[in-house]
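Use these hints to put chain F onto chain W, whose structure you have.
Protein chains: 2
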Amino acid sequence: MEPVSTTNFDLYDIVVSGSEEELKNLNKVVLQGWVRTNRDNGSIGFIEFNDGTYFKNVQLVYSNSSKNYDLLRSLKTGSAISILGSVRLTPENKQPFEIVVDDCSLEGDVDDDYPLQKKRHSFEFLREIAHLRPRANTFQAVYRVRSVLSYAIHEFFQERGFIYVHTPEITTNDGEGAGNVFDVTTHDTKDLFSFYGRKVNLTVTGQLHVEPFALAFRDVYTFGPVFRAEHSNTVRHASEFWMIEPEMAFCDLNDNMDVIEDCVKYCINYLLEACPDEMNFFNSMIDNTLLERLKHVANSEFKKMTYTEGIEILKNAVKSGVKFENSDIFWGMDLQSEHERYLTEKVINGPLFLIDYPSEIKAFYMRLNDDGKTVAACDLLVPNVGELVGGSQREERYNLLKEKMDKLGITQELDWYLDTRRYGGCKHSGFGIGFDRLLMYVTGMQNIRDVQPYPRTSNSIKY
Amino acid sequence: MEPVSTTNFDLYDIVVSGSEEELKNLNKVVLQGWVRTNRDNGSIGFIEFNDGTYFKNVQLVYSNSSKNYDLLRSLKTGSAISILGSVRLTPENKQPFEIVVDDCSLEGDVDDDYPLQKKRHSFEFLREIAHLRPRANTFQAVYRVRSVLSYAIHEFFQERGFIYVHTPEITTNDGEGAGNVFDVTTHDTKDLFSFYGRKVNLTVTGQLHVEPFALAFRDVYTFGPVFRAEHSNTVRHASEFWMIEPEMAFCDLNDNMDVIEDCVKYCINYLLEACPDEMNFFNSMIDNTLLERLKHVANSEFKKMTYTEGIEILKNAVKSGVKFENSDIFWGMDLQSEHERYLTEKVINGPLFLIDYPSEIKAFYMRLNDDGKTVAACDLLVPNVGELVGGSQREERYNLLKEKMDKLGITQELDWYLDTRRYGGCKHSGFGIGFDRLLMYVTGMQNIRDVQPYPRTSNSIKY
Numbered sequence: 001m002e003p004v005s006t007t008n009f010d011l012y013d014i015v016v017s018g019s020e021e022e023l024k025n026l027n028k029v030v031l032q033g034w035v036r037t038n039r040d041n042g043s044i045g046f047i048e049f050n051d052g053t054y055f056k057n058v059q060l061v062y063s064n065s066s067k068n069y070d071l072l073r074s075l076k077t078g079s080a081i082s083i084l085g086s087v088r089l090t091p092e093n094k095q096p097f098e099i100v101v102d103d104c105s106l107e108g109d110v111d112d113d114y115p116l117q118k119k120r121h122s123f124e125f126l127r128e129i130a131h132l133r134p135r136a137n138t139f140q141a142v143y144r145v146r147s148v149l150s151y152a153i154h155e156f157f158q159e160r161g162f163i164y165v166h167t168p169e170i171t172t173n174d175g176e177g178a179g180n181v182f183d184v185t186t187h188d189t190k191d192l193f194s195f196y197g198r199k200v201n202l203t204v205t206g207q208l209h210v211e212p213f214a215l216a217f218r219d220v221y222t223f224g225p226v227f228r229a230e231h232s233n234t235v236r237h238a239s240e241f242w243m244i245e246p247e248m249a250f251c252d253l254n255d256n257m258d259v260i261e262d263c264v265k266y267c268i269n270y271l272l273e274a275c276p277d278e279m280n281f282f283n284s285m286i287d288n289t290l291l292e293r294l295k296h297v298a299n300s301e302f303k304k305m306t307y308t309e310g311i312e313i314l315k316n317a318v319k320s321g322v323k324f325e326n327s328d329i330f331w332g333m334d335l336q337s338e339h340e341r342y343l344t345e346k347v348i349n350g351p352l353f354l355i356d357y358p359s360e361i362k363a364f365y366m367r368l369n370d371d372g373k374t375v376a377a378c379d380l381l382v383p384n385v386g387e388l389v390g391g392s393q394r395e396e397r398y399n400l401l402k403e404k405m406d407k408l409g410i411t412q413e414l415d416w417y418l419d420t421r422r423y424g425g426c427k428h429s430g431f432g433i434g435f436d437r438l439l440m441y442v443t444g445m446q447n448i449r450d451v452q453p454y455p456r457t458s459n460s461i462k463y
Numbered sequence: 001m002e003p004v005s006t007t008n009f010d011l012y013d014i015v016v017s018g019s020e021e022e023l024k025n026l027n028k029v030v031l032q033g034w035v036r037t038n039r040d041n042g043s044i045g046f047i048e049f050n051d052g053t054y055f056k057n058v059q060l061v062y063s064n065s066s067k068n069y070d071l072l073r074s075l076k077t078g079s080a081i082s083i084l085g086s087v088r089l090t091p092e093n094k095q096p097f098e099i100v101v102d103d104c105s106l107e108g109d110v111d112d113d114y115p116l117q118k119k120r121h122s123f124e125f126l127r128e129i130a131h132l133r134p135r136a137n138t139f140q141a142v143y144r145v146r147s148v149l150s151y152a153i154h155e156f157f158q159e160r161g162f163i164y165v166h167t168p169e170i171t172t173n174d175g176e177g178a179g180n181v182f183d184v185t186t187h188d189t190k191d192l193f194s195f196y197g198r199k200v201n202l203t204v205t206g207q208l209h210v211e212p213f214a215l216a217f218r219d220v221y222t223f224g225p226v227f228r229a230e231h232s233n234t235v236r237h238a239s240e241f242w243m244i245e246p247e248m249a250f251c252d253l254n255d256n257m258d259v260i261e262d263c264v265k266y267c268i269n270y271l272l273e274a275c276p277d278e279m280n281f282f283n284s285m286i287d288n289t290l291l292e293r294l295k296h297v298a299n300s301e302f303k304k305m306t307y308t309e310g311i312e313i314l315k316n317a318v319k320s321g322v323k324f325e326n327s328d329i330f331w332g333m334d335l336q337s338e339h340e341r342y343l344t345e346k347v348i349n350g351p352l353f354l355i356d357y358p359s360e361i362k363a364f365y366m367r368l369n370d371d372g373k374t375v376a377a378c379d380l381l382v383p384n385v386g387e388l389v390g391g392s393q394r395e396e397r398y399n400l401l402k403e404k405m406d407k408l409g410i411t412q413e414l415d416w417y418l419d420t421r422r423y424g425g426c427k428h429s430g431f432g433i434g435f436d437r438l439l440m441y442v443t444g445m446q447n448i449r450d451v452q453p454y455p456r457t458s459n460s461i462k463y
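Protein chains in written order, with my numbering: chain W, 1 to 463; chain F, 1 to 463.
This is chain W alone, in the form it adopts within the complex (with noise of 0.2 angstroms):
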């Protein structure tokens, strides 16, 4: 029987959920991978072996009657490998089978220097070797949860006919105007002006972009890049970030929240299903309260409260003896992480949609309350991180956007946004979520340097 070509993936799946037939077509198989460990008593030896293909390791077995055993005990962690060898089942191992090694040649060597030896590594240390931490257990489960959730926002989208747009990166506006944006010039000129004829900078939203697409069909989103210029060192801050921005024509802010309640719950859901061991070692490694907290999020039901209750709430709280950094509860104040985290873990203990904030705390395109002094925001707000998504209805009357544009001087910037509600421009809605954030929230993870393959931070930059 020919040797079948397979990867770690494959084999727990077939040797778990797979037929005796197929079971039996995996006699003899053909890995090629990394070296994780490898360890030889002299007669034996054990190898963790990992391709990449799955979470989990496959012990190969050898001995000194292997062919090549020389070079077999004498590989080193990181080494590429291709081995031929059987497949042994080991229902009373804590493997469910391993690999009784025929043969292996040396794919790839590594010099003595490797950084990535047996022993932990501070999550400080692997931020210097962003290129080789993708090889080390956690980030394994980083990066692999990272492209399955962003498959996951793209299919919850696609499925419901949302249209995928692609925003522009490289734009004449600064968005909400919100924070510091990073210029873009030609080599050597540095003239803002000679290639556009006009100053650029890097986005900081696609929402503006993309809202004239909802115009057109209804119900679209985009998923890239922005950017931000500010000098915050802080966790939860980098420079560089992918952002979801979906947008819905009529739709008012009850509709766009019941999307952004089935998002986030589908999104959860879906890395339960899909990424059980890696979620699970989140669980036991990172944070222990993980699946606790994303399974209760998953089965509530999201609750709403207006900003003006909430600063009630507040307010009442400061009162009888809770303690905030800042205890002056104010109408019209901007809220701070600990004020929304107490709102939704102490008051309501689960998913908070704070709605209908102050107009002056929030951006420009927001639609106008009847009360005349509030907007049709919603915030997202989760236990233990506060704030996940931000949304709001748009303000669709011309006139009331174009006051608030005249009084930001971006009218004439902005004169193709504003065109929007001349022609056939309805009621719409639409949130923001941050792609690397809500990542942090689904796996624990507590620095943004620690979900974004090669982190963008200010004073920081190597690759």
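Please note that the accuracy of each hint is not assured.
Identical copies look the same in the list; a pair holds intra-copy or inter-copy alike.
Think about it this way: if two alpha-carbon atoms lie no more than 20 angstroms apart in a straight line, the pair counts; the simulated DMTMM-like pairs of lysine to aspartate or glutamate are [said to hold, decoys possible]:
(1) Lys-76 with Asp-419
(2) Lys-24 with Glu-98
(3) Lys-67 with Asp-103
(4) Lys-303 with Glu-292
(5) Lys-402 with Asp-109
(6) Lys-402 with Asp-258
(7) Lys-462 with Asp-419
(8) Lys-67 with Glu-301
(9) Lys-402 with Asp-111
(10) Lys-402 with Asp-419
(11) Lys-373 with Glu-360
(12) Lys-199 with Asp-255
(13) Lys-76 with Asp-113
(14) Lys-402 with Asp-113
In short, the hints are calculated from the structure, not lab data.
Relative to chain W, chain F alone:
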């Protein structure tokens, strides 16, 4: 019976392929969308209505006995409306059904200067209104296919276990050194070094960053924006576009070509299946050889030819009287589009991999063949376009790679990239597909400005 809120897509879906039961439930419906055209003869009127969920319009019929008749007859092209009506099957007509309007409300009016009136508009004109053109037929088709094709790409790779990696947009290197890069600075200072402490630019390729992930996960891909600050004012060049870059460990040039062939065929078949209306539209309105051409590629076995063989064939063609703009054919030259098209159209009449290019005209990371002068590169050439995909086996041998990098003076800057050859760096290969050019290819659209949502080309930026 309560009216059912529905969409163009669902209506066509149920009328064309739904059950009796589903159809019965669709008696009274609510629709929300936009007026494409409205004509009224004084007693009966017809609105071509589209809500963006489906390529085909729905015909609304009203009469002077409809509620809000005066509103209905006054509706202008582009208005957003909400209507209540009943489904009437019209199997004898061109469209299989129409909606008899009971009532209508205006959700968003249209100013009289609305530029998208019923008449046909040139692509040049529509380019000036990138925020409105998604409402035009051609762009409804283009952007829906863009979204579906993006999803097809993700599905292709995710189903095969590839890990999606978000490689960074801001980087310290300029990839292959192929084109001019955009520099990134912080606001006002114009100081290239101020933010990251190092000079940075926008990425031209994700490949160098994704290779280390292939050496950890085996099969990986990127799909994100890349940039070129080239002043090429052609129909095929944009300064910002999306690239798909898969990378596979334990994969040689032949395996690589198998994946390219599978991927291209998968995309074509996916679109023919998922977007029949849009693809038929392109075939009748944009390029009437499109479907034939795509089906031919989907059903062809992709052929292979070495660059050296290609040069011989081109030399003989010139001798026998074939005219090229550049008829000076010699080994070592960079082939022009006319040469590539001659080979794929006249010689092969189908998709052709041209392989084993001279080392001097290809990137430094490509693997040197045993002949010492060619590299294991493959360009996929297709009729009507020329190059569609470029790939190679990567140089995994440390000394050979370092020698080339030393010559280019990039060894220090890319020390981390070179590292991957010292630490279990095995045979690996990958390829790149310019997503926007692939989209041009599958739609027949001739100008890259007409397949991007907000095209970015030199001297032109408005949004």
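Hint check results:
1. Lys-76 with Asp-419: Cα proximity of Lys-76 and Asp-419: across copies only (16 angstroms, versus 64 angstroms in one copy).
2. Lys-24 with Glu-98: within (15 angstroms within a copy, 59 angstroms between copies)
3. Lys-67 with Asp-103: Classified as within; 5 angstroms inside a copy, 83 angstroms across copies.
4. Lys-303 with Glu-292: For Lys-303 and Glu-292, the Cα distance is within 20 angstroms only inside one copy (19 angstroms; across copies 54 angstroms).
5. Lys-402 with Asp-109: between (65 angstroms within a copy, 16 angstroms between copies)
6. Lys-402 with Asp-258: neither (29 angstroms within a copy, 55 angstroms between copies)
7. Lys-462 with Asp-419: Only across copies: Lys-462 and Asp-419 sit 14 angstroms apart there, 43 angstroms inside one copy, limit 20 angstroms.
8. Lys-67 with Glu-301: neither (61 angstroms within a copy, 40 angstroms between copies)
9. Lys-402 with Asp-111: Answer is between: at 15 angstroms across copies they meet the 20 angstroms cutoff, but 64 angstroms inside does not.
10. Lys-402 with Asp-419: Within. Shortest intra-copy distance 10 angstroms satisfies the 20 angstroms Cα cut-off; inter-copy 55 angstroms does not.
11. Lys-373 with Glu-360: within (8 angstroms within a copy, 67 angstroms between copies)
12. Lys-199 with Asp-255: The answer is neither: 38 angstroms in one copy and 45 angstroms across copies each exceed 20 angstroms.
13. Lys-76 with Asp-113: within (11 angstroms within a copy, 73 angstroms between copies)
14. Lys-402 with Asp-113: between (62 angstroms within a copy, 18 angstroms between copies)
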